[in-house]
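*Asks:* Respectively, the protein sequence lines represent chains A and B.
Everything in the first sequence is counted per this note's numbering, starting at 754 for the first residue and increasing by one.
Everything in the second sequence is counted per this note's numbering, starting at 34 for the first residue and increasing by one.
Do not take every clue at face value.
[Said to hold, decoys possible] Here are the simulated SDA-like cross-link-like pairs (lysine to any residue), alpha carbons at most 20 Å apart as the crow flies:
| hint | chain 1 | residue 1 | chain 2 | residue 2 |
| --- | --- | --- | --- | --- |
| 1 | A | K791 | B | E90 |
| 2 | B | K98 | A | A824 |
| 3 | B | K98 | B | R130 |
| 4 | A | K791 | A | P818 |
| 5 | B | K98 | B | E86 |
| 6 | A | K775 | B | E217 |
| 7 | A | K791 | B | K98 |
| 8 | B | K98 | A | K779 |
| 9 | A | K775 | B | Q173 |
| 10 | A | K791 | B | A214 |
| 11 | A | K791 | B | L216 |
| 12 | A | K791 | A | V812 |
| 13 | A | K791 | B | R210 |
| 14 | A | K791 | B | Q213 |
| 15 | A | K779 | B | S206 |
| 16 | A | K775 | B | S189 |
| 17 | B | K98 | A | G819 |
| 18 | B | K98 | A | G825 |
| 19 | B | K98 | A | D770 |
| 20 | A | K779 | B | G202 |
| 21 | B | K98 | A | V812 |
| 22 | B | K132 | B | Q173 |
| 23 | B | K98 | A | R759 |
| 24 | B | K98 | A | K775 |
| 25 | B | K98 | A | A823 |
| 26 | B | K98 | A | R826 |
[Said to hold, decoys possible] According to the in silico footprint, chain B covers these stretches of chain A (three or more CB under 8 Å from chain B):
| hint | stretch |
| --- | --- |
| 27 | 757-765 |
| 28 | 777-788 |
| 29 | 807-815 |
| 30 | 819-826 |
Quick caveat, the hints were computed from the structure, so don't treat them as lab data.
Ideal Cβ placement from N, Cα and C applies to all residues, glycine included.
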Amino acid sequence: MNKYCRRSEELSAYLDDELDGKARLKFEMHLGGCFACKEMLQDLRGLRECFQTLPQQEVGFDLAPGVLAAAGRRASATRWPRLNWWQLLPVSFTAAATISLGVFLGASLTSPHDAAPVAPTLAMFDPIPPGGICIGFAECFPKEKI
Amino acid sequence: MDNSEACGSWQQLQDHECVALFLNGEQAAFAELVRRHQNRVFRFLLRMMGCREEALELTQDTMLKAFRSLPGWRPDATFSTWLFRIASNAATDRLRRKKVVKYVPIEAHMDFPDPAAGPEEELQSAQRYRILEAALQRLQADYRQVLLLRELEGMSYAEIGDVLGLREGTVKSRIARARQALLEVCKSKI
Ligand SMILES: [Zn+2]
């Protein structure tokens, strides 16, 4: 198969019976005197026979139930109810009320009069322990008048 | 593959009749179409992809897409041609995404024995198809596609044109080039 005739496209169509009557007749006349085409026709027929020997693999089970189930799942997943704007009103009001309530409660928690709570004196952080005696802070001793 | 009691009556119907019934809400008619065509589509995809799992997945995808697209289908081609169009698009998309060129060696031990060597015809034919399978995997995808549709599905050039969205003249020249390429890959083995 080193040499191809330039009419190999017609040869292939001839093999497939895809040439009309006139073209077929013309090609058969060429084929009678073309060694390359004769040889290739033989090769292509061998190839065709070989295609017929390929094993006929099968899926091995019925795909239909799985396909129908998948189609059903996808349909229900993408099917959203279509609502008109007036059907969405109650939902909108509820949402607006919820947001307003949230904003109100949030604002009341951070309002200025609550913002500075009186810090209780924590005895444990006092320099003098409860009931203890002061050991050196100047303010703790009566100042001598000079 | 026989769900005979459920689809016994469906088996009598032509594809286009099943399609019409499905479009009228009979899902069982679509199930019959799947059963009827699943193996042909699977074999085509198996040889396009070279992998059973991938072929199975794409066969299911093809059927699912057919299910969704059938309501908008206009019968300008037969149902099976249309199904192969979906399948071949799925294969082309997947191969394009993978962009993997597989190199399948044609091993030396797969050489054809001499035709006059003896009566081991079964062994011979097993070797021949293995060589052909390997050679097909080495062809470029668009060549493999036309050859499978022509040689295994027995489609005419017009039908192949419908499946692949090509003009008949293009199909004719592509098949001729694909055959030359296949013969070159197989060398003297076939
Ligand atoms: Zn010639």
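*Asks:* Against this structure, judge whether each hint is valid.
*Replies:* Results of checking the hints against the structure:
no. : hint            : result
1   : A/K791 / B/E90  : violated (43 Å)
2   : B/K98 / A/A824  : holds (9 Å)
3   : B/K98 / B/R130  : holds (19 Å)
4   : A/K791 / A/P818 : violated (51 Å)
5   : B/K98 / B/E86   : holds (18 Å)
6   : A/K775 / B/E217 : violated (31 Å)
7   : A/K791 / B/K98  : violated (45 Å)
8   : B/K98 / A/K779  : violated (45 Å)
9   : A/K775 / B/Q173 : violated (33 Å)
10  : A/K791 / B/A214 : holds (18 Å)
11  : A/K791 / B/L216 : holds (15 Å)
12  : A/K791 / A/V812 : violated (40 Å)
13  : A/K791 / B/R210 : holds (17 Å)
14  : A/K791 / B/Q213 : holds (14 Å)
15  : A/K779 / B/S206 : holds (18 Å)
16  : A/K775 / B/S189 : holds (19 Å)
17  : B/K98 / A/G819  : holds (13 Å)
18  : B/K98 / A/G825  : holds (13 Å)
19  : B/K98 / A/D770  : violated (34 Å)
20  : A/K779 / B/G202 : holds (18 Å)
21  : B/K98 / A/V812  : holds (18 Å)
22  : B/K132 / B/Q173 : holds (11 Å)
23  : B/K98 / A/R759  : violated (42 Å)
24  : B/K98 / A/K775  : violated (43 Å)
25  : B/K98 / A/A823  : holds (11 Å)
26  : B/K98 / A/R826  : holds (14 Å)
27  : 757-765         : holds (count 5)
28  : 777-788         : violated (count 0)
29  : 807-815         : holds (count 8)
30  : 819-826         : holds (count 5)
The structure does not agree with the numbered hints 1, 4, 6, 7, 8, 9, 12, 19, 23, 24, 28 stated previously, though it agrees with the rest.
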